[in-house]
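With the hints as a guide, dock the two chains, each given alone in a separate frame, to form the complex.
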Amino acid sequence: RKEVEQDPGPFNVPEGATVAFNCTYSNSASQSFFWYRQDCRKEPKLLMSVYSSGNEDGRFTAQLNRASQYISLLIRDSKLSDSATYLCVVNMNYGGSQGNLIFGKGTKLSVKP
Amino acid sequence: DAGITQSPRYKITETGRQVTLMCHQTWSHSYMFWYRQDLGHGLRLIYYSAAADITDKGEVPDGYVVSRSKTENFPLTLESATRSQTSVYFCASRASGTLSYNEQFFGPGTRLTVL
Chain B
1 RKEVEQDPGP FNVPEGATVA FNCTYSNSAS QSFFWYRQDC RKEPKLLMSV YSSGNEDGRF
61 TAQLNRASQY ISLLIRDSKL SDSATYLCVV NMNYGGSQGN LIFGKGTKLS VKP
Chain L
1001 DAGITQSPRY KITETGRQVT LMCHQTWSHS YMFWYRQDLG HGLRLIYYSA AADITDKGEV
1061 PDGYVVSRSK TENFPLTLES ATRSQTSVYF CASRASGTLS YNEQFFGPGT RLTVL
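Protein chains in written order, with the numbering used here: chain B, 1 to 113; chain L, 1001 to 1115.
Below, a list of computed lysine-lysine pairs in the BS3-like style, where the Cα atoms sit at most 30 Å apart:
no.	chain 1	residue 1	chain 2	residue 2
1	L	Lys1070	L	Lys1057
2	B	Lys42	B	Lys2
3	B	Lys45	B	Lys105
4	B	Lys45	B	Lys2
5	B	Lys108	L	Lys1011
6	B	Lys79	B	Lys42
7	B	Lys105	L	Lys1011
8	B	Lys45	L	Lys1070
9	B	Lys42	L	Lys1011
10	L	Lys1011	B	Lys45
11	B	Lys105	L	Lys1057
12	B	Lys2	B	Lys105
13	B	Lys79	B	Lys108
14	L	Lys1057	B	Lys42
15	B	Lys42	B	Lys108
16	L	Lys1070	B	Lys42
17	L	Lys1057	L	Lys1011
18	B	Lys2	L	Lys1057
19	B	Lys112	B	Lys45
20	B	Lys45	L	Lys1057
Hints are computed from structural coordinates only; laboratory data are not their basis.
With the rest of the complex left out, here is chain L (with noise of 0.2 Å):
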């Protein structure tokens, strides 16, 4: 019962790489989302998807590409990293419902380094 994974769980890379980030889950969730969370920021939504082939923006996408071909995967992938861009990426998702039952299960998250 792995729930919600993340990989890597640590990754460095240089100013203008392309970098990918994989989240997987077990639950067949509707929604998925991607978080960044900085000092002094919190928790900032960068994309979300509210089923596969269905993704949208959220407060901070600029930088930032989804997918979701597949209802269990949404990689996150940064076109070319920026130093701004060196965060903890958390990945969430949710079951589709009222909003009553809104409960979001994170993953483990995703230490990035860009130099």
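Isolated chain B, as found in the complex (with noise of 0.2 Å):
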């Protein structure tokens, strides 16, 4: 099983929709969570952390689910510059790797007109 696993889309969403982009992770003793996103040919860039309790910035709203291994980004009001990538990231905090992230492979967003 993969560490971290993210449906790959493409998700192809008119302008003002609202998407959902789920995660798994496999180790339970992961420990700090993200979304970062990625323009074609670009850096990936920290999007948002993601906390226990749900968090939302924006338009954007992560949730973690602890128990089922589980976090969900949520864009609302869809708009064309959030056509990216939109990478899962969980944190390695265990052996001697603390600090280290796993990263999924991606969500593809693509916003249309």
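Printed below as a string of structure tokens:
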């Protein structure tokens, strides 16, 4: 089983739509969770951290379910500029590798006019 | 305020040649990382460094060598390039501190083609 699994998409949605991405992780010892965004042919950039109680940043809402080892990202009122690949990222906080991150393969979002 | 830079941005080389990819960061971050990104695999960690003169293997270290004599630089060397090392290479850095503050900042990447 892959350590971090995501639906690869692509998700093709119209402007203004609400879209949700899901992610599962295999190691229950993981402690930190993130969503990164990667534009085509660019480097990944942190979109938001994911906290246990859930957190919101404008149109973006992240949720964490530790019992199910499940992370989600909800984007409301999609904009053309949201088109990108969204990477689910988990901290590998075990063994001798504290602080290292495990990246999912990403979910591609395409927002159409 | 350059942040984290990589050079070269594009490189074409031949099988068997030695290639060094450079990474430089201006934040004095303790941690630095090298990843490769391939279709179907996502980002995979090659090597990382917790501080100058401290390096450790990641998920896919074979065929690569790193060094870190200065905090700001973290070069990655392919000792004898193979076609399977054709990829996009990203360098990243982060500050030391509690695990909650794990944001890694990525360089713009180096696109390497091995013929």
